[in-house]
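Trainee: Using the sequences provided together with the hints, build the complete structure.
Position 13 (the sequence shown) corresponds to 13 in our numbering; numbering is contiguous.
Each statement offered as a hint is correct.
The following label-pair restraints were derived from C-beta to C-beta distances:
1. L40 to A256: 27 to 33 Å
2. A299 to A184: 54 to 60 Å
3. R6 to R333: 24 to 30 Å
4. D4 to D38: 52 to 58 Å
No wet-lab data here; the hints were simulated from the structure. Glycine is no exception: its CB is placed at the ideal position from the N, C-alpha and C atoms.
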Amino acid sequence: MTPDIRSARLSLVFASVAHTYSHLFQPLYYVAVLTLEDELGLTHGEAIQLAILGGMLFGFGAPLAGWLGDRWGAVTMMSIFYIGTGAAMVLTGFAQAPWQIMAGLGLTGLCASIYHPVGIAWLIKNAVNRGTALGINGIFGGLGPTIAALTAGTIITLMGWRAVFIIPGIIILMTGAAFMVLVAKGAIVESQTDRVPSPPAKKGDAVRVFCVLAFSMLCTGVIYQAMQSGLPKMFQLRLEDVLLGEVLGVSTLVAAVFFIAGLMQVIGGWLADKTSPKYVYIGAFVVQIPLLILLASAAGSLVIVFAVMMISANNGALPAENVILARYVPRSRRSLAFGFKFVLAIGFATLGVQLEAVLFDNTGEFYWLYMLLSGISLAGAFAVLILPGDRQSNATPQPAE
Numbered sequence: 001m002t003p004d005i006r007s008a009r010l011s012l013v014f015a016s017v018a019h020t021y022s023h024l025f026q027p028l029y030y031v032a033v034l035t036l037e038d039e040l041g042l043t044h045g046e047a048i049q050l051a052i053l054g055g056m057l058f059g060f061g062a063p064l065a066g067w068l069g070d071r072w073g074a075v076t077m078m079s080i081f082y083i084g085t086g087a088a089m090v091l092t093g094f095a096q097a098p099w100q101i102m103a104g105l106g107l108t109g110l111c112a113s114i115y116h117p118v119g120i121a122w123l124i125k126n127a128v129n130r131g132t133a134l135g136i137n138g139i140f141g142g143l144g145p146t147i148a149a150l151t152a153g154t155i156i157t158l159m160g161w162r163a164v165f166i167i168p169g170i171i172i173l174m175t176g177a178a179f180m181v182l183v184a185k186g187a188i189v190e191s192q193t194d195r196v197p198s199p200p201a202k203k204g205d206a207v208r209v210f211c212v213l214a215f216s217m218l219c220t221g222v223i224y225q226a227m228q229s230g231l232p233k234m235f236q237l238r239l240e241d242v243l244l245g246e247v248l249g250v251s252t253l254v255a256a257v258f259f260i261a262g263l264m265q266v267i268g269g270w271l272a273d274k275t276s277p278k279y280v281y282i283g284a285f286v287v288q289i290p291l292l293i294l295l296a297s298a299a300g301s302l303v304i305v306f307a308v309m310m311i312s313a314n315n316g317a318l319p320a321e322n323v324i325l326a327r328y329v330p331r332s333r334r335s336l337a338f339g340f341k342f343v344l345a346i347g348f349a350t351l352g353v354q355l356e357a358v359l360f361d362n363t364g365e366f367y368w369l370y371m372l373l374s375g376i377s378l379a380g381a382f383a384v385l386i387l388p389g390d391r392q393s394n395a396t397p398q399p400a401e
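Mentor: This is the structure in structure tokens:
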């Protein structure tokens with residue numbers, strides 16, 4: 001194995017592991033909320049809103065991280081990601097008041113915002129089959145909510161909510177230390193070219209693609225954020241006879257849902273490589289519409305079935321979305337472009353968390369939330385129809401710009 005190939009493979013490994021870490025802090029908190037509501041004397045909506053700053057910075061910090069990634073390199077920025085995210089999570093675990101929890105989650109979100117613009121651009125640069133690589137990487141992202149939901153319930157039951165942030169924070173710090181050792185030894189180096197370059201895009205197409213994706217990515221993000229923040233509470237309410245309101249039972253079920261749904265990203269990525277990413281993307285939106293309507297009124301085991309199917313469709317859209325964006329953005333501006341993507345998909349999409357909190361506190365249920373989300377999915381499907389047709393890629397590597 002040549003040093004370049006070894007570096008590329010290690011880069012893919014650490015990019016995927018970092019994807020899991022970046023998606024830990026929010027779902028960890030959404031399970032911890034079930035305990036914190038009583039401990040802090042807050043309503044469900046008030047406790048949920050403590051996470052909004054972290055969610056916003058997770059998205060709004062992405063353009064700056066992407067801009068720095070294009071200048072400082074992915075390797076440097078990923079080192080900052082590991083150390084900053086791990087340290088911020090440990091600090092959150094020591095918070096004593098609601099504002100301190102909000103500040104700790106905010107710092108965690110700011111440091112975690114490095115991953116999506118830098119890590120995904122880094123992965124695309126090192127991947128041959130981009131859709132498949134993004135799909136596999138997406139599974140690791142889905143493992144974040146899965147691991148968080150499963151471990152949160154167990155850790156809270158055994159050690160309390162503080163350990164739910166301190167233990168993962170220490171693990172992230174240790175991974176960051178290992179990453180920096182490999183960089184120092186030259187096992188991981190900064191690649192200057194794409195392993196499989198994209199053909200140049202027409203200026204008009206590039207502008208049209210980014211405008212359409214700006215709206216569709218916001219739709220996808222709002223739906224996901226609302227589902228992620230509300231799922232533990234919905235299971236606690238609608239499966240009360242089965243789970244008896246136990247946090248461990250709720251978190252285990254949420255973990256299973258996100259794990260199964262995360263696997264869909266491999267299928268979505270494979271389809272994006274083999275067929276049209278545009279139509280894979282449209283199909284994912286269309287499928288979500290009836291599933292959200294069914295989920296609005298579902299009861300019993302159907303709640304689990306429809307939740308798995310809905311989140312699977314939402315996740316399955318992501319590899320195609322990233323492939324489309326990468327095709328129309330110059331490599332030298334790719335991190336910045338992904339940074340602006342995640343301002344929408346994560347930053348502004350925290351509107352989904354706000355919607356979940358407000359609608360639940362005003363209605364005591366999730367019916368109107370899911371009906372509203374079905375309309376958002378319909379709007380996203382119509383927007384994607386405007387995207388241009390697919391372009392074929394030239395497989396001959398090109399020099400760095």
